[in-house]
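K.L.:
Generate the whole structure from the sequences, applying the supplied hints.
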Amino acid sequence: MSDEAEGIELEWLSPDRFMRSEERRRVRQLLRQQKSLSDQKWPIAGDIRLAPAQREKLDAKWRASHARLDELSADMLKRYLGIGLYSVLHVRHPDRPDTLLQVLRVDVEFNDWNRRWLWRVHGRKLRKNGTLGFADAYVCFDLADVRRRRLDGTWERVLPLDLADELV
Amino acid sequence: MKLDPDKLMFAVAPSILIDCAVQLHERESDFDLDDFCQALGAPVEEARPVLEKLVHAGFAKPDRADACRFHPTKKWGQLALANVSRGLARADAEALLEKIIAKACAVNSSADDRFRKISCIVVFGSFLRKVPVLGDLDIGVALDPTEERRLDPAGLSLAEWFRKGSAPDRRTRSALRLRKPQYISIHKFDEVIELKTPYRVIFGKEPNK
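Quick mapping for you: the protein sequence lines, in order, are chains A and B.
According to the numbering used here, the first sequence is numbered sequentially starting from 1.
According to the numbering used here, the second sequence is numbered sequentially starting from 1.
The list that follows gives simulated cross-link-like pairs (lysine to any residue, SDA-like), each with its CA atoms no further than 20 Å apart:
{"#": "1", "chain 1": "A", "residue 1": "Lys125", "chain 2": "B", "residue 2": "Glu26"}
{"#": "2", "chain 1": "B", "residue 1": "Lys2", "chain 2": "A", "residue 2": "Asn129"}
{"#": "3", "chain 1": "B", "residue 1": "Lys53", "chain 2": "A", "residue 2": "Arg150"}
{"#": "4", "chain 1": "B", "residue 1": "Lys180", "chain 2": "A", "residue 2": "Asn129"}
{"#": "5", "chain 1": "A", "residue 1": "Lys125", "chain 2": "B", "residue 2": "Pro43"}
{"#": "6", "chain 1": "A", "residue 1": "Lys128", "chain 2": "B", "residue 2": "Ser15"}
{"#": "7", "chain 1": "A", "residue 1": "Lys128", "chain 2": "B", "residue 2": "Pro5"}
{"#": "8", "chain 1": "B", "residue 1": "Lys2", "chain 2": "A", "residue 2": "Asp152"}
{"#": "9", "chain 1": "A", "residue 1": "Lys128", "chain 2": "B", "residue 2": "Ala80"}
{"#": "10", "chain 1": "A", "residue 1": "Lys128", "chain 2": "A", "residue 2": "Arg150"}
{"#": "11", "chain 1": "A", "residue 1": "Lys128", "chain 2": "B", "residue 2": "Pro181"}
{"#": "12", "chain 1": "A", "residue 1": "Lys78", "chain 2": "B", "residue 2": "Leu33"}
{"#": "13", "chain 1": "B", "residue 1": "Lys196", "chain 2": "B", "residue 2": "Phe124"}
{"#": "14", "chain 1": "B", "residue 1": "Lys7", "chain 2": "A", "residue 2": "Arg150"}
{"#": "15", "chain 1": "A", "residue 1": "Lys128", "chain 2": "B", "residue 2": "Gln23"}
{"#": "16", "chain 1": "B", "residue 1": "Lys188", "chain 2": "B", "residue 2": "Ile202"}
{"#": "17", "chain 1": "A", "residue 1": "Lys125", "chain 2": "B", "residue 2": "Asp35"}
{"#": "18", "chain 1": "A", "residue 1": "Lys78", "chain 2": "B", "residue 2": "Pro49"}
{"#": "19", "chain 1": "A", "residue 1": "Lys128", "chain 2": "B", "residue 2": "Gln182"}
{"#": "20", "chain 1": "A", "residue 1": "Lys125", "chain 2": "B", "residue 2": "Asp34"}
{"#": "21", "chain 1": "B", "residue 1": "Lys2", "chain 2": "A", "residue 2": "Thr131"}
{"#": "22", "chain 1": "B", "residue 1": "Lys7", "chain 2": "A", "residue 2": "Thr131"}
{"#": "23", "chain 1": "B", "residue 1": "Lys7", "chain 2": "A", "residue 2": "Gly130"}
{"#": "24", "chain 1": "B", "residue 1": "Lys99", "chain 2": "B", "residue 2": "Leu178"}
{"#": "25", "chain 1": "A", "residue 1": "Lys128", "chain 2": "B", "residue 2": "Val22"}
{"#": "26", "chain 1": "A", "residue 1": "Lys78", "chain 2": "B", "residue 2": "Arg48"}
{"#": "27", "chain 1": "B", "residue 1": "Lys75", "chain 2": "B", "residue 2": "Gly58"}
{"#": "28", "chain 1": "A", "residue 1": "Lys125", "chain 2": "B", "residue 2": "Gln23"}
{"#": "29", "chain 1": "A", "residue 1": "Lys128", "chain 2": "B", "residue 2": "Lys180"}
{"#": "30", "chain 1": "B", "residue 1": "Lys2", "chain 2": "B", "residue 2": "Gly87"}
{"#": "31", "chain 1": "A", "residue 1": "Lys78", "chain 2": "A", "residue 2": "Tyr138"}
{"#": "32", "chain 1": "A", "residue 1": "Lys35", "chain 2": "A", "residue 2": "Ser65"}
{"#": "33", "chain 1": "A", "residue 1": "Lys125", "chain 2": "B", "residue 2": "Ser15"}
{"#": "34", "chain 1": "B", "residue 1": "Lys7", "chain 2": "A", "residue 2": "Trp155"}
Since the hints were derived computationally from the structure, they do not count as laboratory data.
Bear in mind that the values here come from a model prediction, so they are computed numbers and not experimental data.
P.N.:
Shown next as structure tokens:
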């Protein structure tokens with residue numbers, strides 16, 4: 001999968017390609033739980049107002065669920081793609097602007113519209129001079145050209161770890 | 001401190017290491033491995049050996065009470081201020097020095113009140129050591145004290161008053177930098193005196209002499 005004209009070498013990196021069944025089950029369960037907690041906190045009927053204590057309880061549950069999903073996603077990203085927290089990534093898509101960011105948090109999401117699983121990476125932008133800045137950055141990817149900055153300043157293409165082993 | 005862009009330091013590109021040092025130096029407090037990973041832009045298994053090497057080389061020292069926390073040393077500050085450059089050949093430095101003198105003459109002869117008159121320029125540092133390749137060209141500048149203007153504070157916030165009041169000084173020093181900040185370091189004349197380092201007057205007359 002390569003796009004020579006753009007110089008972008010696309011790779012299918014969707015979580016769906018790697019997730020084991022128990023991981024998929026756990027992720028789905030956490031996503032459902034978050035949606036349910038969110039629905040309870042913001043009921044559709046506008047006249048129902050939650051007591052502050054109830055709201056705080058739901059918030060705490062939601063934060064805990066989110067933290068578990070972040071932890072699981074970060075672990076999967078590390079095991080399947082070799083991208084650890086605090087890595088610096090250059091993510092390129094053929095039809096979207098490039099994103100240069102440092103990974104500070106990661107989760108996975110299921111896109112209902114095209115029925116695809118995506119990595120959702122949150123972090124901070126790199127400045128034009130290549131230093132780490134303060135501005136928030138965010139990128140979603142499944143099919144993309146992702147490169148990780150090595151400490152010697154060079155960039156290595158992110159490939160699924162099992163595939164990288166085969167290439168070696 | 002000057003670092004060669006082609007030479008890795010502790011297996012890290014100099015620009016990345018300096019960026020890391022700057023981020024942690026600006027916090028002005030101790031840090032742990034997690035902070036270091038974030039500043040370096042690397043996961044823990046890559047960052048840990050680098051931190052160990054930095055500690056071993058005296059750039060940081062572990063906290064006495066908590067071995068997981070580290071205090072940056074003076075060397076860390078020097079690393080944060082380091083330049084990444086291949087150096088400056090003496091012939092190029094001499095050519096730059098002539099351009100700086102010409103610029104100072106131009107500033108002093110112009111009637112443009114956006115600049116301040118320059119009373120003295122000195123050169124110090126590696127230029128005086130007769131080495132073939134310099135780190136950079138260190139210049140000390142004294143501005144004419146009689147030229148100092150007081151800005152009317154009416155209608156200005158304190159920050160604006162300070163910023164606008166010091167703008168001619170900044171513009172003058174910036175003009176002497178000749179848009180080559182990687183090669184020319186401009187310092188105040190008082191800083192040169194405080195450093196007690198040898199210097200040579202290349203333009204004007206030393207203040208108080």
